[in-house]
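Enquirer: So the chains spell out like this:
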Amino acid sequence: KQEVTQIPAALSVPEGENLVLNCSFTDSAIYNLQWFRQDPGKGLTSLLLIQSSQREQTSGRLNASLDKSSGRSTLYIAASQPGDSATYLCAVSHLYNFNKFYFGSGTKLNVKP
Amino acid sequence: DARVTQTPRDKVTEMGQEVTMRCQPILGHNTVFWYRQTMMQGLELLAYFRNRAPLDDSGMPKDRFSAEMPDATLATLKIQPSEPRDSAVYFCASGLVQRGGVRDNEQFFGPGTRLTVL
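Chains A and B are the protein sequences, given in the same order.
Per my numbering, the very first residue in the first sequence carries number 496; after that it's consecutive.
Per my numbering, the very first residue in the second sequence carries number 129; after that it's consecutive.
Quick caveat, the hints were computed from the structure, so don't treat them as lab data.
Be aware that a few hints might be false.
[As the list claims (entries may be wrong)] Taking CB as the label site, the calculated pair distances span:
#1 B:R180 - A:K537: 21 to 29 Å
#2 B:Q208 - A:V515: 39 to 47 Å
#3 A:S565 - B:D199: 39 to 47 Å
#4 B:L155 - A:P509: 36 to 44 Å
#5 A:S565 - B:G156: 35 to 43 Å
#6 A:K537 - B:S186: 23 to 31 Å
#7 A:G511 - B:R213: 40 to 48 Å
#8 A:V515 - B:G144: 46 to 54 Å
#9 A:P509 - B:M168: 30 to 38 Å
#10 A:N558 - B:Q169: 28 to 36 Å
#11 B:G144 - A:G511: 50 to 58 Å
[To be verified] Okay, derived cross-link-like pairs now, DSSO-like style, lysine-lysine, Cα gap no bigger than 30 Å in a straight line:
#12 A:K595 - A:K537
#13 B:K190 - B:K206
#14 A:K537 - B:K139
#15 B:K139 - A:K603
#16 A:K537 - B:K206
#17 A:K496 - A:K563
#18 B:K190 - A:K563
#19 A:K595 - B:K190
#20 B:K206 - A:K496
#21 A:K563 - A:K603
#22 B:K139 - B:K206
#23 A:K496 - A:K603
#24 A:K496 - B:K190
#25 A:K496 - A:K537
#26 A:K595 - B:K139
#27 A:K496 - A:K595
#28 A:K607 - A:K537
#29 A:K595 - B:K206
#30 A:K595 - A:K563
#31 B:K190 - B:K139
#32 A:K537 - A:K603
This structure is a prediction, so every number in the text was calculated from the model and none was measured.
Beta carbons: idealized from backbone N, C-alpha and C, even for Gly.
In isolation and in its complexed conformation, chain A is listed as follows (with noise of 0.2 Å):
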């Protein structure tokens, strides 16, 4: 079975810093692999998606990169502001079931001011 894990599980920064966060998964076949956004009491909110073959997708100022061969994935957060504060999951789809995401349990970040 898939196993995902996200390397810290927290995280406080100052704002205006430089940050990466890690998910590793155990299985390299996949199908993609989504970086979600969760704020307290709400829903995820899908961050970037990088397909399997792809190396790294851009939004902004984030940036996620996939080493499928290795099972890591970093998200990178340029000049963090208060605002990116929230817990951030990495899920990983299944090469012969797309439909099936193994999450990871999230790395929750603070930026304070």
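Assemble chain B onto chain A, guided by the hints.
Expert: Just chain B now, kept in the frame of chain A:
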């Protein structure tokens, strides 16, 4: 704007009672997912439907949980009887899932139903 809606947002009930959670997927989406989120287990897939037909419910405790899609605009998740260990946030997500598109399995989540079973 198009979004997934869920009702109720919060539910407190006593052990043994029946609980029904409802989800309205985004209009035009053909796949609906039910997830459960707890501190201990994180986010787990319970079941999902394609074009209203159940495709996978292997994550769902069969003895007390049931999921249905009476029509394309409504998905329900029922627990009978409920137990304290069912306390969690239940999320519904929908997507227009079809192979071949760039974002063909992207899922859109609702705000969740927070269930507390006393």
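Enquirer: Hint by hint, say whether it matches the structure.
Expert: How the hints compare with the structure:
Between R180 (chain B) and K537 (chain A) the beta carbon distance is about 27 Å. The supplied range of 21 to 29 Å therefore holds. Between Q208 (chain B) and V515 (chain A) the beta carbon distance is about 45 Å. The supplied range of 39 to 47 Å therefore holds. Under the hint 39 to 47 Å, the C-beta atoms of S565 (chain A) and D199 (chain B), about 45 Å apart, fit the expected range. Between L155 (chain B) and P509 (chain A), the C-beta spacing of about 43 Å keeps the proposed range 36 to 44 Å intact.
For the pair S565 (chain A) and G156 (chain B), the beta carbons lie near 38 Å from each other, so the given range of 35 to 43 Å is met. For K537 (chain A) and S186 (chain B), the Cβ-Cβ distance of about 27 Å falls inside the hinted range of 23 to 31 Å, so the restraint holds. Under the hint 40 to 48 Å, the C-beta atoms of G511 (chain A) and R213 (chain B), about 43 Å apart, fit the expected range. Range check, V515 (chain A) to G144 (chain B): about 47 Å between beta-carbon atoms, so the 46 to 54 Å window is met.
Distance hint check: the CB atoms of P509 (chain A) and M168 (chain B) are about 31 Å apart, consistent with the given range 30 to 38 Å. Restraint check, N558 (chain A) to Q169 (chain B): a C-beta distance of roughly 30 Å satisfies the suggested window 28 to 36 Å. Between G144 (chain B) and G511 (chain A), the C-beta spacing of about 53 Å keeps the proposed range 50 to 58 Å intact. Of the pairs offered as hints, the one joining K595 (chain A) and K537 (chain A) holds, with about 21 Å between alpha carbons and a cut-off of 30 Å not exceeded.
Of the pairs offered as hints, the one joining K190 (chain B) and K206 (chain B) holds, with about 11 Å between alpha carbons and a cut-off of 30 Å not exceeded. Annotation: proposed proximity of K537 (chain A) to K139 (chain B) holds, straight-line Cα distance about 15 Å (limit 30 Å). The suggested pairing of K139 (chain B) with K603 (chain A) holds, with an alpha-carbon distance near 26 Å, which does not exceed 30 Å. Pair hint K537 (chain A) plus K206 (chain B) holds up; C-alpha atoms about 21 Å apart against a cutoff of 30 Å.
Distance hint between K496 (chain A) and K563 (chain A) is fulfilled; the C-alpha atoms sit about 16 Å from each other, no more than 30 Å. In summary, the hint linking K190 (chain B) to K563 (chain A) is not supported, as the alpha carbons are separated by about 35 Å, beyond the 30 Å threshold. For the suggested pair K595 (chain A) and K190 (chain B), the alpha carbons sit about 19 Å apart, so the restraint of at most 30 Å is met. A C-alpha spacing of about 27 Å is found between K206 (chain B) and K496 (chain A), which places the hinted pair at or below 30 Å, so the restraint holds.
For the suggested pair K563 (chain A) and K603 (chain A), the alpha carbons sit about 24 Å apart, so the restraint of at most 30 Å is met. Of the pairs offered as hints, the one joining K139 (chain B) and K206 (chain B) holds, with about 13 Å between alpha carbons and a cut-off of 30 Å not exceeded. In summary, the hint linking K496 (chain A) to K603 (chain A) is supported, as the alpha carbons are separated by about 25 Å, within the 30 Å threshold. Between K496 (chain A) and K190 (chain B), the direct Cα distance comes to roughly 21 Å. Compliance with the 30 Å bound is thereby established for this hinted pair.
With a C-alpha separation of about 28 Å, the suggested pair K496 (chain A) and K537 (chain A) falls inside the 30 Å cut-off, and the hint holds. Taken as a hint, the K595 (chain A) and K139 (chain B) pair is honoured in the structure, with Cα atoms around 27 Å apart against an allowance of 30 Å. With a CA separation close to 12 Å, the supplied pair K496 (chain A) and K595 (chain A) stays within the 30 Å bound. A C-alpha spacing of about 21 Å is found between K607 (chain A) and K537 (chain A), which places the hinted pair at or below 30 Å, so the restraint holds.
The suggested pairing of K595 (chain A) with K206 (chain B) holds, with an alpha-carbon distance near 21 Å, which does not exceed 30 Å. The straight-line distance between the Cα atoms of K595 (chain A) and K563 (chain A) is roughly 18 Å, inside the 30 Å bound, and the hint therefore holds. Only pairs whose Cα atoms come within 30 Å are accepted, and K190 (chain B) paired with K139 (chain B) is accepted, the gap being roughly 21 Å. Our distance criterion of 30 Å between C-alpha atoms is met by K537 (chain A) and K603 (chain A), whose separation comes to about 14 Å.
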